[in-house]
Amino acid sequence: MELYEKKLAQLAKNGDRHAFRQLVDLYQQKIYHLAYRMLGNIQEAEDVVQDTFLRVYTNLGKYDPAQKFSTWIYRIGTNLCIDLLRKRKRKQKISLDANLYDSESTDGYAVLPSDENEQPDHRLVLSETKRQVQEAVDSLPEQYKSIVILRYLHDMSLQEISEVLDMPVTTIKTRLHRGREYLRGKIGSLQDSG
Amino acid sequence: MNCQEAVSSIHEYLDGQLDRAGQEALERHLTVCESCRGRLRSLEMTEAWVRMLKDQDAPDMTDRIMSSLPAARKRQKFARWLKRHPALVAGVLFIVVMFSSFATMWNTNEVLTVRTNEMDKIIVEGNRVIVPADQTIHGDLIVENGEIIVEGLVTGNLVVIDGKYTASSANVAGRITLVNRIFDWLWYKIAGLFGTV
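Protein sequences appear in the order of chains A and B. Each number in our numbering comes from the position in the first sequence (counting from 1) with 1452 added on. Each number in our numbering comes from the position in the second sequence (counting from 1) with 3 added on.
Restricting the straight-line Cα-Cα distance to at most 27 Å, the calculated cross-link-like pairs of lysine-lysine (BS3-like) are:
#	chain 1	residue 1	chain 2	residue 2
1	B	K57	A	K1582
2	B	K57	A	K1520
3	A	K1539	A	K1638
Hints listed in this document are in silico derivations from the structure and should not be mistaken for laboratory results.
This is chain A alone, in the form it adopts within the complex (with noise of 0.2 Å):
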């Protein structure tokens, strides 16, 4: 498969709109889940499925066929992710420090802003565990984010994984154990409600 993708990149590259759908067909729904549990909602998801498929097509002539075709695109994707997930960072934290300032919210209890299509849309998941293990998969600050996600949803290797984020061996380890002892406590002792 390996070799098969490599080859398509190659026909894609010399212009082969063909080879390059067969791409799109291959990797689509794995970018999307990707894209989905780092971010949250469908939307976002959505961009960040063209956007990357884009990115792809345009930088075609860096490709370095030594590489797996799954690790750059699944870098591509990650890096994308990440920058919207710190995009989003900013800007609750740009509100947050207005929401300070303002007289108007007297309530004390407006922190931070809601915008409908940025945040996570909890309402697609189907049961109250899953909902919350999602919540816990959330709260995890971006770098740890997405290496659990490749690791437990995409089973990549950690070798995999520290191409794909482009970080040493050592530290996908350090930050997988620290990720999962993070959810352990979260999550760790839930029973499933059915």
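Let chain A serve as the given structure and place chain B on it in line with the hints.
For chain B alone, kept in the frame of chain A given last:
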């Protein structure tokens, strides 16, 4: 093995990276340590919960993605072809440059050109060049793109390029050369390099 080491081993184990010896050591610790046993259990459950988040449904975005791509890159395709055949491109460019410089040299001249050391003796009417009957040109006379009429004398050679002449061996002491084709002209120029026409 103490509990701190055990926790570390547990994580290695969950990573799938604990070797045989390490597994045995961990097992020995776990048989006597309930707290670490509990920890392993809850970590394994945590992993199971997280894996449960795997989605089945994703929208089919293929068409949307394909139509968002920039338009067909014909120009880029050509540019890439050029990059991949540098020797060929260089060769073609060389030939093009050489021929165009020949062509410019060749074409510079729809213009009447007269070359002689004694321009003051020459009469020019339109594109007709005349050596008057009472004049003697010492040296060579070269006329391009025009008609030359020698009524007087030329002591050197007469070269007529892309034109016509009215002269005879009575008027011209040297040779009369008519150049009409580009290859003749080329030969003329090359021969000129060696000092003979």
